[in-house]
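> Listed below, chain by chain, are the residues.
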Amino acid sequence: MKNMKALYIAGLLLMLGVSGFAQEKYTIINYPIGFGTGDTKTFIDETSFRGFGLEYGKFLADDKVSIGFQTNFQTFYKELPKDTYPINNGAITGKQYRYMTSVPLLANGLYYPLGQETVIVPHVGLGLGTYYIDRKTDMGLFRDQSKTWHFGIAPQVGFSVPLNYKTNFNVNAQYNTAVKTKNHDAENWLTLSFGFKYIY
Amino acid sequence: MKNTIVLIGLVVVLAISSSCKKLGAEYVDELDVTITRFDPEYDFDQPLEYTMSDTIVHIIDGEEEDDIDRDWDKEIIAQIEANMAAQGYVRVEVDPNNPEDKPDFMVAVSIIVDENYGYYWWGYPGWGYYPGWGYPGWGYPGYPGYPGWGYPVGYSYKVGSLLVEYGDMNNPVENPKEDEEDIYPVFFIGIVNGLMQGSDAYIESRLETGIEDMFNQAPFNN
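Chains as they are written, first to last, in the working numbering: chain F, 1 to 200; chain G, 1 to 222.
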């Protein structure tokens, strides 16, 4: 419930900002590569090349600040070879398939210290919102699955390179933290995203 | 603008192509599992005598079935007996004239087969059947409202489980059903589970592997 409250507040701030001060808008479409850390890495220690990201936002304050909304999906996957795994007073032998899919819904605020008129446009930012996490383990015909919503925070740093007056090549690194809930461990991963920012 | 669309298309293609690698099991035997549970209080590390029937109970779709192919029964029983002997357990016959002279435990072997059915709608994403959609006269008979795209595809699959259970004959417990014989509490259960698909030789080989896996697990392999 607290997660949803935070999301509503972030969304409200976003809308206020957009309607009050907005000038140019942007859309980013990117390809994120995920690197698990912490509990996520313990569960799946493989890099994720399965993802897709979208971001929409507006510039404020002489284009030195932007606020926006970001979502994407990222799926981590690992296939474990046939082995024997202990269970309570017993064991299970077979191949194991592990999945972790995340869909963040984040309100983003970005700061561009050099503005938008330089050859390379660096930025730092912070995303706040909620993460939908679908985590499952398949063994044989059996599945252990959890679907949870987490409050999340995602600082990021990156840069864009203008290709023409509207299109930028965009690179950013974002550290995603979906905080621990009562029924689920925290999930943490770093995404390195490559894509294009279209300003209009 | 044209370049922008091309570049954005490039990102989309990259994301989609990287997502096309297969996930999950590819072959039927990759879905096989062997599970064991045991009573940690029971002392498995002692020479014990047991009894085991020469026939396997077959339960098909929830009903015990006698009129079936029993080709695998003999091999399964022989393989279980060989593994039991390797653990130091001796198979004995129960003398009906001397019911007090019981072995330490009994081994019950059963096979459960369940057939599952279902169907999915083949067609374009999101263009399936929705109640009330479509136009009168469109679609195939039997599918009212079906707009004419896609069609249902039926499938069925059989799931088979081999169960090996040990009942403690030295410590029978009262049957919860009144006026019936005491029952032997189960202190070990092993299950080989998988899809019953492929040739007989393929299924037989997977069963053999599953039974070996069962006896390689605890408590036999502590």
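It should be emphasised that the hints constitute simulated quantities derived from the structure, not laboratory data.
Note that the structure is predicted; figures quoted are calculated from it, not measured.
Hints are supplied without guarantee of correctness; some may be wrong.
[Stated by the list, open to error] Calculated pairs, DSBU-like style, for lysine-lysine (alpha carbon to alpha carbon, straight line, at most 30 Å): (1) Lys-136/F / Lys-74/G; (2) Lys-82/F / Lys-147/F; (3) Lys-95/F / Lys-25/F; (4) Lys-166/F / Lys-41/F; (5) Lys-58/F / Lys-25/F; (6) Lys-102/G / Lys-82/F; (7) Lys-82/F / Lys-158/G; (8) Lys-78/F / Lys-158/G; (9) Lys-158/G / Lys-22/G; (10) Lys-78/F / Lys-22/G; (11) Lys-147/F / Lys-95/F; (12) Lys-64/F / Lys-166/F; (13) Lys-41/F / Lys-22/G; (14) Lys-136/F / Lys-102/G; (15) Lys-166/F / Lys-25/F; (16) Lys-166/F / Lys-78/F; (17) Lys-64/F / Lys-82/F; (18) Lys-95/F / Lys-177/G; (19) Lys-41/F / Lys-82/F; (20) Lys-78/F / Lys-182/F; (21) Lys-102/G / Lys-95/F; (22) Lys-158/G / Lys-95/F; (23) Lys-158/G / Lys-147/F; (24) Lys-22/G / Lys-82/F; (25) Lys-22/G / Lys-147/F; (26) Lys-166/F / Lys-58/F; (27) Lys-180/F / Lys-147/F; (28) Lys-95/F / Lys-58/F.
> Take the hints in turn and mark each one as holding or not.
Okay, the hints, checked on the actual structure:
As the CA atoms of Lys-136/F and Lys-74/G are separated by approximately 39 Å, the hinted pair breaks the 30 Å bound. Straight-line distance between C-alpha atoms of Lys-82/F and Lys-147/F comes to about 26 Å, which keeps the hinted pair within the 30 Å bound. Pair hint Lys-95/F plus Lys-25/F does not hold up; C-alpha atoms about 48 Å apart against a cutoff of 30 Å. For the suggested pair Lys-166/F and Lys-41/F, the alpha carbons sit about 38 Å apart, so the restraint of at most 30 Å is broken.
A threshold of 30 Å between alpha carbons decides the hint, and for Lys-58/F with Lys-25/F the separation of about 4 Å falls inside it, so the pair holds. Between the alpha carbons of Lys-102/G and Lys-82/F the distance comes to roughly 39 Å, so the proposed pair goes past 30 Å and is violated. At roughly 22 Å between alpha-carbon atoms, Lys-82/F and Lys-158/G fall within 30 Å of each other, so this suggested pair holds. Under the criterion of a C-alpha separation no larger than 30 Å, the hint pairing Lys-78/F with Lys-158/G is consistent with the structure, at around 27 Å.
A distance of roughly 24 Å separates the Cα atoms of Lys-158/G and Lys-22/G; the hinted pair therefore holds under the 30 Å criterion. Pair hint Lys-78/F plus Lys-22/G holds up; C-alpha atoms about 11 Å apart against a cutoff of 30 Å. Taking the CA atoms of Lys-147/F and Lys-95/F, the gap is about 22 Å. The hint holds against a cut of 30 Å. A C-alpha spacing of about 17 Å is found between Lys-64/F and Lys-166/F, which places the hinted pair at or below 30 Å, so the restraint holds.
Taking the CA atoms of Lys-41/F and Lys-22/G, the gap is about 21 Å. The hint holds against a cut of 30 Å. Distance restraint check for Lys-136/F and Lys-102/G: the Cα-Cα separation of roughly 47 Å exceeds the 30 Å cut-off, and the hinted pair is therefore not satisfied. Restraint check for Lys-166/F and Lys-25/F: satisfied, since their Cα atoms lie roughly 11 Å apart, inside the 30 Å limit. Among the hinted pairs, Lys-166/F with Lys-78/F is inconsistent with the structure: their alpha-carbon atoms are about 39 Å apart, more than 30 Å.
Straight-line distance between C-alpha atoms of Lys-64/F and Lys-82/F comes to about 54 Å, which puts the hinted pair past the 30 Å bound. Taking the CA atoms of Lys-95/F and Lys-177/G, the gap is near 41 Å; set against the 30 Å cutoff, the hint is violated. Taking the CA atoms of Lys-41/F and Lys-82/F, the gap is near 20 Å; set against the 30 Å cutoff, the hint holds. At roughly 25 Å between alpha-carbon atoms, Lys-78/F and Lys-182/F fall within 30 Å of each other, so this suggested pair holds.
This hinted pair does not check out: Lys-102/G and Lys-95/F have alpha carbons roughly 40 Å apart, beyond 30 Å. Taking the CA atoms of Lys-158/G and Lys-95/F, the gap is about 20 Å. The hint holds against a cut of 30 Å. Under the criterion of a C-alpha separation no larger than 30 Å, the hint pairing Lys-158/G with Lys-147/F is consistent with the structure, at around 29 Å. Simply put, Lys-22/G and Lys-82/F have alpha-carbon atoms about 18 Å apart, close enough for the 30 Å limit, and the pair holds.
The suggested pairing of Lys-22/G with Lys-147/F holds, with an alpha-carbon distance near 22 Å, which does not exceed 30 Å. Pair hint Lys-166/F plus Lys-58/F holds up; C-alpha atoms about 14 Å apart against a cutoff of 30 Å. Note on Lys-180/F and Lys-147/F: the hinted pairing holds, with a Cα-Cα distance of about 13 Å set against a maximum of 30 Å. Simply put, Lys-95/F and Lys-58/F have alpha-carbon atoms about 48 Å apart, too far for the 30 Å limit, and the pair is violated.
Comparing the model with each numbered hint stated earlier shows that hints 1, 3, 4, 6, 14, 16, 17, 18, 21, 28 do not hold.
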